[in-house]
Amino acid sequence: MSFIPAPISRFFHRTASPPHFYTLADKLLPWLTVLFLLLLIPGLYGGLVMAPADYQQGDSYRIIYIHVPAAWMSLFIYVLMAVMGGIALVWRMKLAEVMLISSAPIGAGFTLVALVTGSLWGKPMWGTWWVWDARLTSELILLFLYLGVTSLYGAIEDKRSAARAVSILALVGVVNIPIIHYSVEWWNTLHQGPTVSKMDKPSIHISMLIPLLLMAGAFKVYYAIAVLQAAKLELIKREPSAQWVKNLLEQNA
Amino acid sequence: MSLENFFAMGGYAFYVWTSYGITLAVLLWNLFAPIVQRKQLLRQLALKQKRAQQ
Amino acid sequence: MPLIQAFFAIVRRDLLLAFRRRAEMANPLFFFVLVVTLFPLAVGAQPNLLRAMAPGVIWVSALLAALLSLDGLFRSDFEDGSLEQLLLSPHPLSVLVLGKVFAHWLVTGLPLLLVAPLLALFMGLPEQAMPTLWLSLILATPLLSLIGAIGVALTVGLRRGGMILSLLVLPLYVPVLIFASGAVDRAAGGLPTGAQINILAAMLLLALVLTPLPTAAALKMSVN
Amino acid sequence: MEHSSSAMLEVAGLSCSRDDRLLFSGLSFGLRPGQVLLLEGSNGSGKTTLLRILCGFREADGGEIFWAGRRIAESRYFADMAYVGHADGTKKELTVLENLRFALALGHPGQYSIDLALQKVRLSGYDDSPVQSLSAGQKRRLSLARLLVTHSILWILDEPFTSLDKQGIELIETLMDEHAKNGGMVILTSHHDLTFPHLGLQRIHLDSCP
Chain W
1 MSFIPAPISR FFHRTASPPH FYTLADKLLP WLTVLFLLLL IPGLYGGLVM APADYQQGDS
61 YRIIYIHVPA AWMSLFIYVL MAVMGGIALV WRMKLAEVML ISSAPIGAGF TLVALVTGSL
121 WGKPMWGTWW VWDARLTSEL ILLFLYLGVT SLYGAIEDKR SAARAVSILA LVGVVNIPII
181 HYSVEWWNTL HQGPTVSKMD KPSIHISMLI PLLLMAGAFK VYYAIAVLQA AKLELIKREP
241 SAQWVKNLLE QNA
Chain Z
1 MSLENFFAMG GYAFYVWTSY GITLAVLLWN LFAPIVQRKQ LLRQLALKQK RAQQ
Chain Y
1 MPLIQAFFAI VRRDLLLAFR RRAEMANPLF FFVLVVTLFP LAVGAQPNLL RAMAPGVIWV
61 SALLAALLSL DGLFRSDFED GSLEQLLLSP HPLSVLVLGK VFAHWLVTGL PLLLVAPLLA
121 LFMGLPEQAM PTLWLSLILA TPLLSLIGAI GVALTVGLRR GGMILSLLVL PLYVPVLIFA
181 SGAVDRAAGG LPTGAQINIL AAMLLLALVL TPLPTAAALK MSVN
Chain V
1 MEHSSSAMLE VAGLSCSRDD RLLFSGLSFG LRPGQVLLLE GSNGSGKTTL LRILCGFREA
61 DGGEIFWAGR RIAESRYFAD MAYVGHADGT KKELTVLENL RFALALGHPG QYSIDLALQK
121 VRLSGYDDSP VQSLSAGQKR RLSLARLLVT HSILWILDEP FTSLDKQGIE LIETLMDEHA
181 KNGGMVILTS HHDLTFPHLG LQRIHLDSCP
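Chains as they are written, first to last, in my numbering: chain W, 1 to 253; chain Z, 1 to 54; chain Y, 1 to 224; chain V, 1 to 210.
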């Protein structure tokens, strides 16, 4: 903590205290929900209605508006988890542990979405549900990495140790992701399949790009909402007999 | 563009709408599962507290 | 240098222990041979098919054999309290861990080299691929031990850590599998393998430097 | 961080909870060379947890531990202490001698040679027996011999008297007494009371902590 100025570290410690964070989350959630809808509705309208059909793929390409943002999110959340794991290990910040473990199911969800939509997009394009395409393969391995995190956390009884273990695992995983990605790319060019991946970087028209970016923004805000909800649960689970939880119960009663 | 055309998705309706449907299901699950669980947990804790006070 | 002494004391002790428990030592080796034997039985004994599959089959089996042997890396130390004593040593735990991994590789990884020619024969791998198979085994089996050590350290405190261990470790093994079997595959086809071998060597160096740190941190977490 | 005190080991405001249950909080004590500290308390009162915190295996939820005025992580603490826990920390397939040599390689040489230490714990002549052929009491005495062959000022002993007969208990108490008289320190947990009239015996009863 020594190289962080005292006022900043004090600010972090206050914000990171469970009761303070809990009320902060409650205050933030309505605003985030509004922001989410503001991004989602024009994103969906632009993507599903306004944007023209692709001249090659027809309307099937519209899966891109969820497939690509979900794939982005799956990587983004894993990197974020590793960052929080690093913070948890170095500064022993309990809130970072809570955020890390709350993020895992959401990240796994996005990875699953990226895989399923990739497969659904691939069927009309490739004529088969699954192709060992570089991106889908990397995404599948990423799903295994997420499952490793959640099952390791579930298996260790002492939750402080479990959080420590998961932080280490997330950091190891994030170092490996680029290596895995690179190796899978190389493997894919070596064993060139019968199809050429049509999902790679379509030269995208502006009317297609804007909804894509809106959807990506909407997914990011969704993540913020979902992770705050999960973190609220995890905080209570961690210390069910703390004073602030008792106060919360009295408020509810 | 008619509504019918919109839902037909140029013949790709099954793929497009299944994708959007599954995405919706996963995202809703990840959002509401913790909310429901938290409510349950708080109810349990309240019960426990009441029992402890008696 | 007391640190180097401590490193070699660990290697010596673990080799001695492996020698006293030599019955267990051969198990991963038998497993390796057995898994490779299953493939011709399952897919049929057409020489062309087997030859095409050989690099992949041999490497997947090596991976599984390495995974099987990992469990013994820290298990007995954890159970008899030796791990606690390692943690209390004034020497850096990551160096001591490296000693343990090195001894483990000498006992479980190196013997795979001995049976590799036999398996290449079973699968009809061309003779010209043999040097590459050996080289890939020399470079990649220590990688498997080093990466696997992180997973074992994370799960050694769990009663049924075996399944979780494979879930944690196998995805991390993917690059090793790709480059190692890729190298053998290219060698079998008479193509140059310099790039793959270099990448494996680079990964090994990187793993030698980087993996002992998370392994040590995970062991501290497990002892708790 | 410097911390001035006459005590070599200084524990300040230590607190720990497990599974949302507070084991102890605000626990403070100091230990000077020559002192022996006996931790008492019923099962589950946190004795072993406290020892494991003192060994650095477990992190306390609050408080600090100082060794010679410095935080233990920044001090020579781990070179100066030794621990014998529930598990012996010896390899059953190796001989007595091999086990002690390994312990010596991991730490720094202490005041006794291996031969002398084995004499002290009455295991002379067992040099080449594998540990698995020893009785439970002999194993325990072997793990104590480890304390003698390596350099250690602070001994941390978790239930050192289990599976020992009367002579064994006397032996440990004599060793602890000698160690204290030479300026060493001992922290131990035990269900038995100590029979030996120790100099400067401190007691901490963990149940009494709020």
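These are computed hints drawn from the structure, not numbers from a lab. No experiment lies behind these values; they were computed from the predicted model shown. Be aware that a few hints might be false.
With the C-beta cut set under 10 Å, the calculated list includes, among others, these residues of chain V facing chain Y [to be verified]:
hint: 1; residue: Gly85
hint: 2; residue: Glu93
hint: 3; residue: Ser135
Heads up, simulated DSS-like pairs for lysine-lysine below, C-alpha to C-alpha not over 27 Å straight-line [unchecked claim]:
hint: 4; chain 1: Z; residue 1: Lys50; chain 2: W; residue 2: Lys220
hint: 5; chain 1: W; residue 1: Lys94; chain 2: Y; residue 2: Lys220
hint: 6; chain 1: Z; residue 1: Lys48; chain 2: W; residue 2: Lys220
hint: 7; chain 1: V; residue 1: Lys120; chain 2: V; residue 2: Lys139
hint: 8; chain 1: Z; residue 1: Lys48; chain 2: W; residue 2: Lys246
hint: 9; chain 1: Z; residue 1: Lys48; chain 2: W; residue 2: Lys123
hint: 10; chain 1: Z; residue 1: Lys50; chain 2: W; residue 2: Lys237
hint: 11; chain 1: V; residue 1: Lys181; chain 2: V; residue 2: Lys92
hint: 12; chain 1: Z; residue 1: Lys48; chain 2: W; residue 2: Lys94
All C-beta atoms in this analysis are idealised placements derived from N, C-alpha and C, irrespective of residue type, glycine included.
Exercise for the section: Let me know if the C-beta of glycine 85 of chain V comes in closer than 10 Å to any C-beta of chain Y, holds or violated. Expected result: holds (6 Å)
Problem - Given pair status - lysine 123 of chain W, lysine 48 of chain Z, alpha carbons within 27 Å - result: violated (53 Å)
Exercise for the section: Compare the distance between the alpha carbons of lysine 50 of chain Z and lysine 220 of chain W with 27 Å, and conclude whether the hinted pair is satisfied. Expected result: Distance ~40 Å between lysine 50 of chain Z and lysine 220 of chain W Cα, so the pair is violated.
Exercise for the section: Below or equal to 27 Å on CA atoms is what counts here, so check lysine 94 of chain W against lysine 220 of chain Y. Expected result: OK: lysine 94 of chain W and lysine 220 of chain Y at ~18 Å, within 27 Å.
Exercise for the section: Starting from lysine 48 of chain Z, check that the Cα of lysine 246 of chain W is at most 27 Å away, please. Expected result: holds (11 Å)
Practice task
Quickly compare the C-alpha distance for lysine 48 of chain Z and lysine 220 of chain W to 27 Å and report which way the hint goes.
Solution key: Measuring from Cα to Cα gives roughly 38 Å; hence the hint is violated.
Exercise for the section: For the pair we were handed, lysine 50 of chain Z and lysine 237 of chain W, check the Cα-Cα distance against 27 Å. Expected result: holds (19 Å)
Exercise for the section: Closer than 10 Å between Cβ atoms is the bar; does glutamate 93 of chain V clear it against chain Y? Give me holds or violated. Expected result: The hint holds - glutamate 93 of chain V has a Cβ within 10 Å of chain Y, the shortest such distance being about 4 Å.
Practice task
Would you check whether serine 135 of chain V satisfies its interface hint, that is, whether its CB is within less than 10 Å of any CB in chain Y?
Solution key: The hint is violated - serine 135 of chain V has no Cβ within 10 Å of chain Y, the shortest such distance being about 16 Å.
Exercise for the section: Quickly compare the C-alpha distance for lysine 120 of chain V and lysine 139 of chain V to 27 Å and report which way the hint goes. Expected result: Within the cut-off at roughly 14 Å; holds.
Handout entry: Holds or violated: lysine 48 of chain Z to lysine 94 of chain W, with C-alpha atoms at most 27 Å apart
Key = Holds, because 26 Å separates the two Cα atoms, which is no more than 27 Å.
Practice task
Quickly compare the C-alpha distance for lysine 181 of chain V and lysine 92 of chain V to 27 Å and report which way the hint goes.
Solution key: Violated - the C-alpha atoms of lysine 92 of chain V and lysine 181 of chain V are around 33 Å apart, more than 27 Å.
Hint compliance for this structure: hints 3, 4, 6, 9, 11 are not met, and every other hint is.
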